[in-house]
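Peer 1: Residue-level listing of the chains:
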Amino acid sequence: MTSVALAFLALPVVAIFAQVPPGELVSALGSDAAKDALIVTAKTNLVSMILILAFGTPAAYWIATRNTRLRDVVVTVVELPLVLPPAVAGIGLLAAFGRLGLLGGTIEALGIDIAFTQTAVVLAVTFVASPFYVRTAVAAFESVDPALPAAARTLGAGPGRVFARVALPLAAGGLGAGAALAFARGVGEFGATIMFAGSLQGRTQTLSLAVYEQFDLDFDVALAISALLVLVSGAVLLSVKLLTRWRFASTSPIPFAPTTPTSG
Amino acid sequence: MALRIDFTHSLRAYDAHVGLTVDSGETLALVGPSGAGKSTTLRVVAGLLRPDSGLVEVDDQTWLDTTRGIDLAPERRRVGYLFQEYALFPHLDVSSNVRFGAPRGSSVSELLDRFRIGALGRARVRELSGGERQRVALARALARRPATLLLDEPLSALDAHTRMEVRSELHELLRELGLPTVLVTHDFEDAAALADRIGVIVDGQVVQEGSAGELVGRPRNAFVASLTGASLLRGIARAGRDGLTEIVLDTGASAWSTDEAEGRVGVAVHAWEVSIAREAPDDSALNHLRGAIASVTPLGNRARIRVGELVAEVSAASVERLELREGDVVVASFKATAARLVPLA
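Sequences listed follow chains A and B, in order. Going by the numbering used here, the first sequence opens with residue 1, and the numbers climb by one from there. Going by the numbering used here, the second sequence opens with residue 1, and the numbers climb by one from there.
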């Protein structure tokens, strides 16, 4: 039974590499569609990751160190995008930031055009990927032995210094693992992006969207991009494993797999 | 210098109310079962826990006064806090740990040398032995130049053979520092060895305060008596002949005490007051309780012998001479002056 299950999971991944010789895969990646998609993906995901780390880290620390009833509500809100169907996420983003959406008027008044731009891609990726980071980061901060921040306070460190010199370095392994997971989810984002940002080559067409479009036009290019994404996913998975192992004796294991929104 | 604490805080099962004064150079040990409010007291002094109401003063500085709305953040209170498992920072080496609390620009090399950890400066915490960890934690706590020292179970993380050595080192250090010190432990022997004064704390209340000798000699209740290591017999007391008190024990036998009491009491007897014989000896001891030996525990040249609820400490030589074995019926004797009557909790 195990071998059947393993074969079923491994076969599609192996097939991507088996269909086309490696040399042709590399040259197929040189096509304009693939190169454009690579640049769009790199740019938008870089901005998304910066946003996720900059806002997600303090938010996760706040959630992990607060023991209020509000916490469960906040955690649920943060985790909701995890289980939301991507199409629903896309509609939600349109309803909020689209031209006719809740904030559409405000955004237009500011002279910003979001729909079908790279800003829309960034928003979609950030919305869908951030829960992966925040969820893991909360667990990482919570696994820091509470005696350590307390000891730091009695040694004269204010809350800011406790965060920077104790909580952050001790949670670093878990934060890295969470960032890697969020990055993998962001690069693979499809549903919300295609609804909210469209699939315009060179503007909003990311690698995942390019696979879908090239699958009609040039199957080899679709295969080549897919192979690249398999390698990226594999590298992410490996780094998550290494990062979760890299932690200090005083902290308990960090569960990197996100749980259902009602738990934790 | 002195530390003054007086606070009330509602915990899950009861309200803790603790009022204590510790003079400069004095070490006060708080002893009691876990969850009694010992660590709560330390956390209130350090500012890690804000009590429902209360006061913490060190010298002429007020760290907490809920009536005046004063509550200094922990980082602004000059405490040296030794945590139970030492709470050393695992991501920093030994010298960075010690330097963490030191004033900016000051050198910690003197402290490292003083605690014999100078050679371990670059070592990570996980490479250290229990005794070394304790010294690093003490050096770190003192780098802050604290006005008071708080020690939470400073010896419990150590194994038996380093414990004795570390205990005498710590005792010497506390004397040298001359700071008002509060030490929390569940071990009466540690408290007796390290502290000038012991406060027994049960369910959030200090039930008795005094020197180790006072607690052993005049325990205020059954809990204090068993904490100091006394055996406890239970029975009903009434006035007897010659101004003595007769206690009819639950086992049916009678015991005599010079303490006055009436009604249900505990009889506290220390092991070194009890002697063991094959037959009731004709000596000054009034109390002779007959029973079978439940266990014989050899401790070097001494042995602890349990007869019913009573524990006797006798020399190994007499165990051999009397050929004492488990199951043998013997007579355990102690004087009426050695039988302390205490109210049962």
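Hints should not be assumed to be uniformly reliable.
To spell it out: a stretch of chain A is covered by chain B in this simulated footprint if at least three of its residues, at any positions, have a beta carbon under 8 Å from a beta carbon of chain B; those stretches are [stated by the list, open to error]:
hint, stretch
1, 140–152
2, 155–161
The calculated label-pair distances, taken between Cβ atoms and stated as ranges, are [unchecked claim]:
hint, chain 1, residue 1, chain 2, residue 2, range
3, B, Gly130, A, Ala172, 24 to 34 Å
4, B, Arg12, A, Val13, 24 to 34 Å
5, A, Val4, B, Arg163, 52 to 62 Å
6, B, Gly229, A, Leu242, 23 to 33 Å
7, B, Asp71, A, Leu70, 17 to 27 Å
Hints were generated in silico from the structure; no laboratory data involved. Think of the CB as a built atom: it goes at the ideal place given N, C-alpha and C, for glycine as much as any other residue.
Peer 1: Next, verify each hint and record whether it holds.
Peer 2: Against the structure, the hints come out as follows:
no.	hint	result
1	140–152	holds (count 6)
2	155–161	holds (count 4)
3	Gly130/B with Ala172/A: 24 to 34 Å	holds, 27 Å
4	Arg12/B with Val13/A: 24 to 34 Å	violated, 53 Å
5	Val4/A with Arg163/B: 52 to 62 Å	holds, 58 Å
6	Gly229/B with Leu242/A: 23 to 33 Å	violated, 53 Å
7	Asp71/B with Leu70/A: 17 to 27 Å	holds, 23 Å
Against the hints set out earlier in the document, violations occur for numbers 4, 6.
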